[in-house]
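Engineer: Listed below, chain by chain, are the residues.
Protein chains: 2
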Amino acid sequence: MTRKVTVELGPRSYEVQVGPGLLANLGRTASAIRHVQQAVVIADSTVTGLYGRQAMHSLASAGLSAALIDFPAGEANKNLATVGKLCDKLFAVSPAVDRNCLIVALGGGVPGDVAGMVAAVALRGLRWMQCPTTLLADVDASVGGKTGVDHPAGKNLIGAFHQPSAVLIDVRTLKSLPAQELRSGLAECVKHAVIRDAELLDFVEAQAEAILACDESTMTDLVARNVEIKAHVVSADERETGQRAHLNFGHTVGHAIEAFVGYGKVTHGQAVSLGMVAACILAETKGLIDSSLRGRLEAVMGRLGLEVRLPGLDADQVWNIMQHDKKARGGRLRFVLPTGLGRVDTFDDVQEQDVKEAIRALGQPGGR
Amino acid sequence: MTRKVTVELGPRSYEVQVGPGLLANLGRTASAIRHVQQAVVIADSTVTGLYGRQAMHSLASAGLSAALIDFPAGEANKNLATVGKLCDKLFAVSPAVDRNCLIVALGGGVPGDVAGMVAAVALRGLRWMQCPTTLLADVDASVGGKTGVDHPAGKNLIGAFHQPSAVLIDVRTLKSLPAQELRSGLAECVKHAVIRDAELLDFVEAQAEAILACDESTMTDLVARNVEIKAHVVSADERETGQRAHLNFGHTVGHAIEAFVGYGKVTHGQAVSLGMVAACILAETKGLIDSSLRGRLEAVMGRLGLEVRLPGLDADQVWNIMQHDKKARGGRLRFVLPTGLGRVDTFDDVQEQDVKEAIRALGQPGGR
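Top line first, the protein sequences correspond to chains A and B.
Number 226 in my numbering belongs to position 226 of the first sequence; there are no gaps in the numbering.
Number 106 in my numbering belongs to position 106 of the second sequence; there are no gaps in the numbering.
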């Protein structure tokens with residue numbers, strides 16, 4: 001029951017395969033890429049333990065020269081020093097890597113971003129393949145070609161746009177995922193529904209149980225539908241200058257909440273969920289939508305285990321963090337707000353007092 | 001007497017300006033790039049001392065927010081650690097850099113490669129402008145968008161293709177250049193003549209005195225003509241898969257000689273000159289040309305101060321280094337050989353014994 005989605009980017013177009021057990025096809029997919037005879041898997045230490053052997057076996061079975069290099073798991077290692085160490089390991093691989101070597105990024109967001117960055121800069125750009133193993137990476141990082149690492153001055157400040165040659169999503173890997181990480185991916189799924197696809201929200205509501213149980217068929221559908229939405233947005237705007245901004249729905253306030261609470265103390269999915277609720281409140285204040293959309297969102301997020309209230313938020317401080325982010329992004333505080341289910345637009349004229357009120361509402365048990 | 005050459009690369013096309021005193025136009029050119037309000041100059045310590053103040057003054061006069069960050073001069077510092085340190089400095093600039101910040105690479109090959117690499121990865125790609133200050137950088141690195149740093153495993157192993165938004169070549173800076181560095185650039189000029197432009201060789205022969213004196217008008221012509229040739233080759237083959245290989249004329253043997261003698265003990269220009277002579281000998285052996293081309297090349301290189309003989313070369317060792325380079329490049333030892341003045345082609349069938357004989361000839365006073 002493999003599903004295939006093409007990300008249309010002209011000469012950089014590629015195909016995303018989604019289905020259970022697809023890691024077994026890794027070698028076949030890699031060897032089908034033009035001139036590839038060697039593959040180097042880059043993973044973090046956790047993923048190496050879970051899927052390293054399976055990946056290497058599949059590559060070797062397809063007749064490829066294969067190597068695996070890894071780095072210690074954790075967002076703290078997503079930095080330029082790790083890229084340097086991985087380059088050291090890459091250039092020590094025997095036989096020596098050349099331009100026809102394929103990098104295989106195996107794992108969640110961090111291994112994907114880091115391996116993609118290595119692929120972007122090694123020999124001025126090697127082709128690469130993404131094999132995400134978390135729902136968040138499946139529905140978000142697998143489309144768009146963003147690679148990068150953090151810098152003390154901010155997240156993802158160093159990186160490159162570097163489109164993969166192929167993406168292979170084995171939904172069976174989701175079964176090894178902690179519930180909390182599954183939820184982070186689900187928040188992005190809800191986001192995609194709100195910005196582009198009302199029917200996806202129906203699907204998530206109807207299949208919530210099967211989704212939480214990681215039913216293979218349901219997850220294949222869920223991931224493929226989300227990849228389609230993101231692929232559509234990215235195809236229209238590869239370099240993130242226009243409508244790709246819609247993908248930031250829930251993230252303007254969400255990022256600030258994440259920074260306020262402290263990275264790691266609230267999950268990214270949790271922060272985005274709160275941000276989406278805040279954006280709905282702002283849209284209501286502007287008269288763009290009535291409160292029914294928010295009610296529906298809060299209900300489905302509740303069923304998925306995503307909290308929609310967070311006591312203790314300081315609206316002034318969260319606002320200040322947003323001001324700081326704004327500067328870093330070029331001086332404009334732009335909100336992505338829903339104008340209906342499946343539709344959003346960007347707004348530059350949201351008022352400080354309305355934003356603070358929305359954040360305060362997130363701290364109150366029943367909303368406003 | 002400014003000359004302008006457009007490098008045609010579709011949406012990534014840009015203009016190269018060549019002329020004396022152009023550094024004074026830096027600010028005006030930078031501020032004409034869309035949305036640019038801030039510029040960060042990246043230079044090495046030598047160039048900062050020579051031209052840093054002038055560059056900053058020009059940027060500030062054009063109303064741009066300007067900063068200068070630098071790193072210690074020398075090829076030994078062309079590495080990923082320097083990129084990291086420059087990113088630290090870049091993200092500490094106040095006001096904070098955003099996507100509309102322009103990186104200005106000021107200096108020769110090393111500052112250009114390093115600054116270009118920083119531009120390629122900071123915020124997933126900032127626009128950048130090249131202001132080369134050596135003849136080699138003027139006629140070679142200023143066209144093509146190659147950026148990168150060295151790794152212990154080899155030169156330029158880490159980098160990116162990242163086209164600049166504009167290139168500004170102030171030929172007046174060539175007057176501060178040591179004679180030996182001027183010669184390295186001249187070797188590339190001779191190379192361009194042999195691969196594409198017989199008339200350029202006439203020009204170099206006729207103007208050798210004015211060239212060596214760095215006459216501004218002559219250098220403007222020389223640089224512009226060379227930029228045109230390289231721009232033409234690169235436009236036809238941005239990612240270096242086909243005819244861009246012609247630019248390697250003289251470099252296959254040249255690189256191996258450089259590695260044999262030891263980097264820094266022979267200049268790049270010297271090594272390329274020897275490599276071009278070796279390529280001519282090989283072309284003669286294959287019956288592609290008679291010996292008159294080599295005679296003419298040796299004479300003009302002699303006038304420019306480029307030696308065409310190097311005693312002490314060990315043909316077997318140089319050959320072995322070429323074998324190693326071949327592996328690193330994907331298994332094929334491909335020679336670019338002249339088929340006439342202004343014409344080259346690539347050959348995969350050059351014999352070991354002929355190559356060794358050509359290298360041996362380089363060690364003998366009168367050639368073969």
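If you're looking for bench data, these hints aren't it; they were derived computationally from the structure.
Note that the structure is predicted; figures quoted are calculated from it, not measured.
Watch out, some of these pointers could steer you wrong.
One copy or two, it doesn't matter: identical chains are merged, so the pair holds either way.
[To be verified] Dumping the calculated DSS-like pairs for lysine-lysine here, alpha-carbon to alpha-carbon at most 30 angstroms:
#, residue 1, residue 2
1, Lys175, Lys146
2, Lys89, Lys4
3, Lys265, Lys4
4, Lys286, Lys89
5, Lys286, Lys85
6, Lys85, Lys155
7, Lys286, Lys175
8, Lys146, Lys89
9, Lys175, Lys356
10, Lys89, Lys155
11, Lys265, Lys356
12, Lys146, Lys85
13, Lys356, Lys89
Engineer: Go through the copies and call it for Lys89 and Lys155: within, between, both or neither, with a Cα cutoff of 30 angstroms.
Structural biologist: For Lys89 and Lys155, the Cα distance is within 30 angstroms both inside one copy (25 angstroms) and across copies (16 angstroms).
Engineer: What label fits Lys146 with Lys89 when the C-alpha limit is 30 angstroms: within, between, both, or neither?
Structural biologist: Intra 23 angstroms, inter 23 angstroms, cutoff 30 angstroms: intra and inter.
Engineer: Given a CA cutoff of 30 angstroms, do Lys286 and Lys89 count as a within-copy pair, a between-copy pair, both, or neither?
Structural biologist: Answer is neither; intra-copy 54 angstroms and inter-copy 42 angstroms both fail.
Engineer: If the cutoff is 30 angstroms on CA atoms, where do Lys356 and Lys89 land: within, between, both or neither? Let me know, please.
Structural biologist: neither (49 angstroms within a copy, 34 angstroms between copies)
Engineer: Between the shortest in-copy and the shortest cross-copy C-alpha distance, which are at most 30 angstroms for Lys286 and Lys85: within, between, both, or neither?
Structural biologist: neither (50 angstroms within a copy, 46 angstroms between copies)
Engineer: How would you classify Lys265 and Lys4 at a CA-CA limit of 30 angstroms: within, between, both, or neither?
Structural biologist: Cα proximity of Lys265 and Lys4: none, with 36 angstroms in one copy and 56 angstroms across.
Engineer: Measure nothing new, just compare the shortest in-copy and cross-copy C-alpha distances for Lys286 and Lys175 to 30 angstroms and report within, between, both or neither.
Structural biologist: neither (41 angstroms within a copy, 64 angstroms between copies)
Engineer: State whether the alpha carbon distance between Lys175 and Lys146 is at most 30 angstroms within one copy, between copies, both, or neither.
Structural biologist: within (26 angstroms within a copy, 43 angstroms between copies)
Engineer: How do Lys175 and Lys356 come out at 30 angstroms by Cα distance, when the copy is not named: within, between, both, or neither?
Structural biologist: neither (39 angstroms within a copy, 61 angstroms between copies)
Engineer: Taking 30 angstroms as the upper bound on the Cα-Cα distance, should Lys146 and Lys85 be classified as within, between, both, or neither?
Structural biologist: Cα proximity of Lys146 and Lys85: in one copy and across copies (21 angstroms, 23 angstroms).
Engineer: Could you figure out if Lys85 and Lys155 sit no more than 30 angstroms apart (CA to CA) within one copy, between two copies, both or neither?
Structural biologist: This pair counts as both: shortest intra-copy Cα distance 20 angstroms, inter-copy 17 angstroms.
Engineer: For Lys89 vs Lys4, is the C-alpha pair at or below 30 angstroms within one copy, between two copies, both, or neither?
Structural biologist: Close neither inside one copy (33 angstroms) nor across copies (44 angstroms); limit 30 angstroms.
Hints 2, 3, 4, 5, 7, 9 and 13 from the list above are not met by this structure, while the remaining hints are.
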